[in-house]
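Number of protein chains: 2
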Amino acid sequence: MSRVDNLNRILRGLQTGSPDVEASALISEDGLMIASALPQHVDDTRVAGMTATLSSLGARAASELERGTVQEVLVRGEHGYAVMLASGSGTLLLALASKQAKLGLLFLDMRRAADDIRKVL
Amino acid sequence: MSRVDNLNRILRGLQTGSPDVEASALISEDGLMIASALPQHVDDTRVAGMTATLSSLGARAASELERGTVQEVLVRGEHGYAVMLASGSGTLLLALASKQAKLGLLFLDMRRAADDIRKVL
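Protein chains in written order, with the working numbering: chain Z, 1425 to 1545; chain B, 1425 to 1545.
Just so you know, these hints were derived from the structure itself, not from any lab.
Worth double-checking, as some hints may not be accurate.
[As the list claims (entries may be wrong)] Calculated from the model, a selection of chain B residues having no Cβ within reach of chain Z, i.e. all distances over 10 Å:
| id | residue |
| --- | --- |
| 1 | M1457 |
| 2 | S1487 |
| 3 | E1488 |
| 4 | E1496 |
| 5 | V1497 |
| 6 | R1500 |
| 7 | H1503 |
| 8 | G1504 |
| 9 | A1506 |
| 10 | T1515 |
| 11 | L1527 |
| 12 | L1529 |
| 13 | L1532 |
| 14 | D1539 |
| 15 | D1540 |
| 16 | V1544 |
[As the list claims (entries may be wrong)] Label pairs and their in silico Cβ distance ranges:
| id | chain 1 | residue 1 | chain 2 | residue 2 | range |
| --- | --- | --- | --- | --- | --- |
| 17 | B | S1480 | Z | D1454 | 31 to 41 Å |
| 18 | B | G1514 | Z | Q1524 | 21 to 31 Å |
| 19 | B | S1480 | Z | Q1524 | 36 to 46 Å |
Computed from a predicted structure; not experimentally measured.
Note that beta-carbon positions come from the ideal geometry of N, C-alpha and C, so glycine has one too.
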């Protein structure tokens, strides 16, 4: 199994594990897609760019507000959550979840997936 | 009691209610401080500007990632949390909490404070 196959397997696992996870993607810090499990109508490039921007602003906010190195950024909108976390080697794991999602479970699953990603990269 | 006194009381209440909340502030969407309970060494202007930037990027991310109108943005750094939520009339409530903070309790207290702020504004 190639590295990309392994990464895709981890992303799919994140989505099959919690039905509230609608999409997930692994993105480089400079905003390029590495692997993704996104719905067809979603534009890869836009998601990748937005995730990297969110991460760099999160890093600046964490530093300015004396919170240290950024580890996770969460945006809750009226239709659900966008969660981004650092997954090692300069990569970002993004998950989009519905508003019914249990946030504690989502963080748990994402941290596990990030650990698995670190082993593959 | 003036409106500003009331707002300061709500912010102080947020901090006395949970010892893990280190600072809180109420900021206008355009990045101006309305009321604050920040430690002395923290620069008001910088915090206000950073909160407004975080909110506007959160709004863009929520919209691009199809999450609807932004309601909350959370940044977790290695030293703790920065949480921002919309508190009505174009204002943003920011809380800075230590890494020991219980996130569920923090959101609960902040949502209550935001409801109180809405009544005052």
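Ascending list of hint numbers which this structure does not respect:
Violated hints: 2, 3, 4, 5, 6, 7, 8, 9, 11, 17 and 19; rest satisfied.
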